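**Q** If you want the building blocks of each chain, they are given just below.
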Amino acid sequence: MSALQNPGRRSFMVTTVAAGSGLLLAFALGSCGAVSSANGRSGFRPNGWLRITPGGRIIITVAEAEMGQGVHTSLAMLVAEELEVGMEQVEVEQASVDNRLYGWQSTGGSTSIREGWEPMRRAGATARQMLVEAAARRWQVPPGECRARLGVVEHPASGKRATYGELASAAAQLDPPSQVSLKDPASFRIIGRATGEVEAVPVVTGRLRYASDLKLPGMLTAVVVHCPVFGGGVRSVASEAALRVAGVRRVLEIEEGVVVLAEHFWAAQQGARALRIEWDYGAAAGLDSAGIRRLFQSHADRFDSIDQELARALESAPRRLEADYHIPFQAHAVPESICCTVHIHDGICEVWVPTQSPSDAQEVAARLSLSRPGYLLQRLKGKLLGRPFDTVRIHTMRLGGGFGRRLAVDYVVEAVKIAKLAQAPVRLLWPREEEIRYGYYRPASLHRMRAGLDRQGMPLAWHQLAVGAGGFRSPYYSIPARGGDTLKLESGVPTGPWRSVGHSYNAFVIEGFVDELAAAAGRDPLDYRLALLEDEPRFRAVIEQAAERAGWGGRLPEGHHLGLAAHPSFGSLVAQVVELSADRERGIRLHRIVCVVDCGRVVNPDTVKAQMEGGIIFGLTATLAGAITIRNGRVEQSNLHDFPLLRMGEVPPIDVYIVPSSAPPGGVGEPGVPPVAPAVVNALYAATGKRIRELPVKPEELFQ
Amino acid sequence: MSKMARFVLTVNGERREVEAEPDMPLLWVLRDLLDLTGTKYSCGIGVCGMCNVHLDGELTPSCSVPVAAASGREVTTIEGISPDGSHPVQQAWLEERVSQCGYCQPGQIMAAIALLRRNPTPDDAAIDEVMGGTLCRCGSYPRIRRAIHRAAGKVGA
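Chains A and B, in that order, give the protein sequences.
One point on numbering: in numbering that gives the first Met the number 0, the residue at position 213 of the first sequence is 212, and numbering is uninterrupted.
One point on numbering: in numbering that gives the first Met the number 0, the residue at position 148 of the second sequence is 147, and numbering is uninterrupted.
These aren't lab readings, by the way, just hints derived from the structure by calculation.
Source: prediction; values computed, not measured.
All residues carry an ideal CB built from backbone N, CA and C; glycine is no exception.
It is possible that part of the hints are untrue.
As the list claims (entries may be wrong) - Just a few of them, taken from the derived set where beta-carbon distance is under 8 Å, the chain B residues facing chain A:
#1 GLU20
#2 GLY37
#3 SER41
#4 MET49
#5 GLY84
#6 GLN104
#7 CYS137
Said to hold, decoys possible - If you anchor each label on the Cβ, the simulated ranges turn out as follows:
#8 ARG537/A with GLU13/B: 58 to 64 Å
#9 ALA193/A with GLY56/B: 33 to 39 Å
#10 GLU18/B with ILE347/A: 32 to 38 Å
#11 ALA530/A with PRO82/B: 56 to 62 Å
#12 ALA68/B with ARG630/A: 35 to 41 Å
#13 ARG319/A with GLU128/B: 47 to 53 Å
#14 ALA68/B with ARG148/A: 55 to 61 Å
#15 LEU379/A with ARG145/B: 52 to 58 Å
Said to hold, decoys possible - Reference listing, derived: stretches of chain A covered by chain B, where coverage requires no fewer than 3 residues with Cβ under 8 Å from a Cβ of chain B:
#16 66-80
#17 190-198
#18 212-225
#19 325-335
Sequences are here, hints too, so could you generate the full structure?
**A** This is the structure in C-alpha cells:
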C-alpha cells in the first residue's frame, strides 16, 4: 500500500491504493490530523477508514468502542450523509488496535461526535467527489453534470449510470481533492433523523457475541478471588477442596489474588468458593466510611488558605450561608461483569476485551506477554515506525456497559498473566461479587459550600471546598466573587471515572446550594437562577423551556412538587425538572421528569433522547437506590440485592426535549446524569421543607 | 466428590443431552455446555433477570434452576424466539429502538413475551409487575414499556 497526501492543504486525509481493490480513505477524528509524509511515518495518525470495494460494499471502520451510546451508528450516519448512500448500504466495523493505522484509542468523555462531526463528513464527501470525478472521466463529461445518489453516480443528460463499486478502483487512482464541499444542513437526509442502531438485530436475537460469550478450542474459564480488603494480599491458600470440584483444573496465585481455572464458569466459581485463603489484610483493614468522612471533615476544618479577596468578599457580605454536602462511593455495576479472553499462540498475544481503552490494553498486554528486552525493543520500534506491539492483537468487543469502569485495564493485566501461566486460552470472568467489591468507585467526597449574600439575597461571593474528590467547579452563575479549592485525599479506596465524572457531584452541590440561596432570599428557584444567568442566553433558554414544559408556577395535582436543576457538561447544556410527592405514609413517589437538552447540532436525535433517558435513570439510581459503603477495609455490598438498581416501576415517565441548534455538536453520553440528583433533592425540599445534602436520599430521615 | 450425571432437556424444541453436576445452574449448562450464549450472566443470584428463559413456558431466571430441576422439561431461550428478529416482540424492540448496550435485552424480551402470553394487552401496572424483575443499567425502561404496548395483542398464547 502506498499513501499519498492530500495536496495543497493541511489535510487530514490520505488515500491508500492497491490496484483493483477499490477505494480506501483514511481520516482522523479529533485534532491530531496533520499532513502525512509519503511513507506515512510522521504526523498523520488516521483513526478511521472508509472502504468501498469493487463489489460495492461500503465499510466504515471506527476506533470508538460501542457500549450502547450508539456511536457506531452516529459516526456511520455522518459518512453516509455526505457519501450519498443510505444507512442500509453501509457496514460498520470495529477497528483493530494498531497505532499506525488508528492512533491512540480510547472512548470516554463524550467526545466521539464532537471530534467526528467534521472529519467523518469530510471523509464521505471526499469519497463521493472522487467517485463522481472517476465517472466524469469515464464518460468524458464535466463532473458538474453528474450527481451521486444512493450509491450510484448518474449523468442525467446521457442517462449513463455507474455504481460506487464499479467506480471505486478508478476513483482510487485519483488524487484526493484539495477542496471538498460539505452539504448545507438544510439538505441533510440522514443527519438529524432518528436512526436505528446498526447492530440492533443481533442484539434482539441474542446472536451478538460479547467477549464473555466467546468460546475458543481448549479454553479454560478463570475466576479470581481478590483480597476482600483493599491493598491486601494472600498469606496462604489451601486448594485441595477446590481441586476436588468437578471441572476444576488448576489453582494459581497471581499478585491480584487466587485464580481457579476450570472447564466452565460454574466449576470455577464453585472452586473459588471452596478455597481456604488466609489473607494478609494490610494497612487498610481498619478503613470505614465513617472514618473517611471524619478524615474529610478534619481536613475541611483545618483548611485556611482560601483566596484572600474571596475570603473578604464572603466575610463582608451582609448574610452568610454555609453547608456541607456529602457524596458516597458509587459502583459501576456494568451488566456484563468484568471479563477478558486471552490466547497466547505462535508468538502472538491475542486479546478479546470489552474496553474503553484498547490502546492501554495493548500496552499492558505487550508488557506482560513479552520478555522485558522484547517489550522494550518493540516499544522502541513502535516509536520509530509508529507501529508498536505487532505481537499483540486487541479485538475490541462491544461492551456490556462501560460507564467509565472499562477505562481501566486491570482485568486485561489479570487475564494475560493467567493465560501465560495456564498455557491455554483463558476466559477471565469475574463473578458479580468481585465486580461490586473490587471496583474503581466514583469517589466519596465532602463539599463545604459557602456563600455571602447581599440584602436582597443575591450572591456576592461563592466558595466550594471539595475534599477527597477530583476537583471543585466554579459555578456558571454570575456572582461577583466566586471560586473554590480542592483537597485531594487518598481515602484508601480505589476510585475512577464514573459516568459524567466530576460533574456527577459538582452538579449536586452547586445546584443544591444555589437552591438554598434562593430559599434564603425568599425567591423562586427558577427566577433566582435566571437572574444569575443574564449573560447566558443559551443556557437560560434551556432552563426556561424545562420549567415551562414541566408546568413550573402552574397548578399541579394535589401534593405534587417540582424541583429544578441545570448543568452544562461535555459541551452540552441540560436542565431537568422532577415532579414528585413525598409523605410519611407513601414515601417518595416520582411522577415525571422533564429534560431539556441543547447539545448543538444533533446527529441522531433518537440517540440523544436515549442517552438523556439512560443518564437520568443512571443518576436517579445513585440518588435513590443505594451506594457503596466501607467497613473493616471492605466494600459492604456484594451483589445487586444490596447494591440495588432502580427497576422499571420505580422510574417515572421521562420527557426529553431537544433544543434545535446549529452550534457545534456537544456530547450526550454523560450530560444527562448530573442534574437529576439535585433536581430530586430540590423537589424534596419543595415537598417537605427538608434540605437533603447527602446521597443517597434516605426516606426514613426525610420524614423524621 | 463428582456426582456427574446425564440429563436430557428439550431446548428450543431440540432434544439435548448434557453431562453435568446436578446442581449446575441451567444458565451455565446453556452457555458453557450448549454454547447458547444469548442467555446472559449478570448477578447469578436471581435478582437481575438477565438470564431469563422460559421453562415449560414459565418465565424463569436460569441461574436459579439446577439442571436436575430442568431435566425432562422444555426450555426456550432467546435463540428459540426467532433467528432473524421477526417475532412481534423483537420487531417492537427494533421499532422503538430499545437497546443501548444490549446486554440485558434477551432477558427483557423473554420477560416481555411471557407477560404478553399471559396478558396480551397489559396496562402499565401489569408491565411493572413482570418487567420489574429484569434490570437494565443503561436505562432503557421507558422504551421497553413502549415496545410492550406496541407488541400488545400480537403475541399468541
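**Q** Run every hint past the structure and note whether it holds.
**A** To see whether the hints hold, each was checked on the structure:
1. With 8 Å as the threshold, the beta carbon of GLU20/B comes within range of chain A, its nearest partner Cβ sitting at about 6 Å, so the hint holds.
2. Of the supplied interface hints, the one on GLY37/B holds, with its beta-carbon coming within about 2 Å of a beta-carbon of chain A, less than 8 Å.
3. Look at SER41/B: its Cβ gets to within about 5 Å of chain A, closer than 8 Å, so that hint holds up.
4. The beta carbon of MET49/B comes within 6 Å of a beta carbon in chain A, closer than 8 Å, and the hint placing it at the interface holds.
5. Interface restraint check for GLY84/B: the shortest CB-CB distance to chain A comes to about 5 Å, inside 8 Å, so the restraint holds.
6. Annotation: GLN104/B was flagged as interfacial toward chain A, and the flag holds, the nearest CB pair being 5 Å apart, inside 8 Å.
7. Below 8 Å, beta-carbon pairs count as interface contacts, and CYS137/B has one with chain A at about 5 Å; its hint therefore holds.
8. About 59 Å separates the C-beta atoms of ARG537/A and GLU13/B, a value consistent with the hinted range of 58 to 64 Å.
9. Roughly 35 Å separates the CB atoms of ALA193/A and GLY56/B, a value that falls within the hinted 33 to 39 Å.
10. For the pair GLU18/B and ILE347/A, the supplied restraint of 32 to 38 Å holds, since their beta-carbon distance comes to about 34 Å.
11. Between ALA530/A and PRO82/B the CB atoms are about 60 Å apart, so this pair conforms to the stated range of 56 to 62 Å.
12. For ALA68/B and ARG630/A, the hinted distance range of 35 to 41 Å is satisfied, since their beta carbons lie about 36 Å from each other.
13. The supplied range of 47 to 53 Å is met by ARG319/A and GLU128/B, whose beta-carbon atoms lie about 51 Å from each other.
14. For the pair ALA68/B and ARG148/A, the beta carbons lie near 59 Å from each other, so the given range of 55 to 61 Å is met.
15. Restraint check, LEU379/A to ARG145/B: a C-beta distance of roughly 56 Å satisfies the suggested window 52 to 58 Å.
16. Counting residues of the stretch 66-80 of chain A whose CB lies closer than 8 Å to any CB of chain B gives 4, which reaches the minimum of 3, so the coverage claim holds.
17. Counting residues of the stretch 190-198 of chain A whose beta-carbon sits less than 8 Å from any beta-carbon of chain B gives 4, enough to reach three: the coverage restraint holds.
18. Given as covered by chain B, the stretch 212-225 of chain A passes the check, having 3 residues with a CB less than 8 Å from a CB of that chain where 3 are the minimum.
19. Counting residues of the stretch 325-335 of chain A whose beta carbon lies closer than 8 Å to any beta carbon of chain B gives 4, which reaches the threshold of three, so the coverage claim holds.
No hint from the list above goes unmet by this structure.
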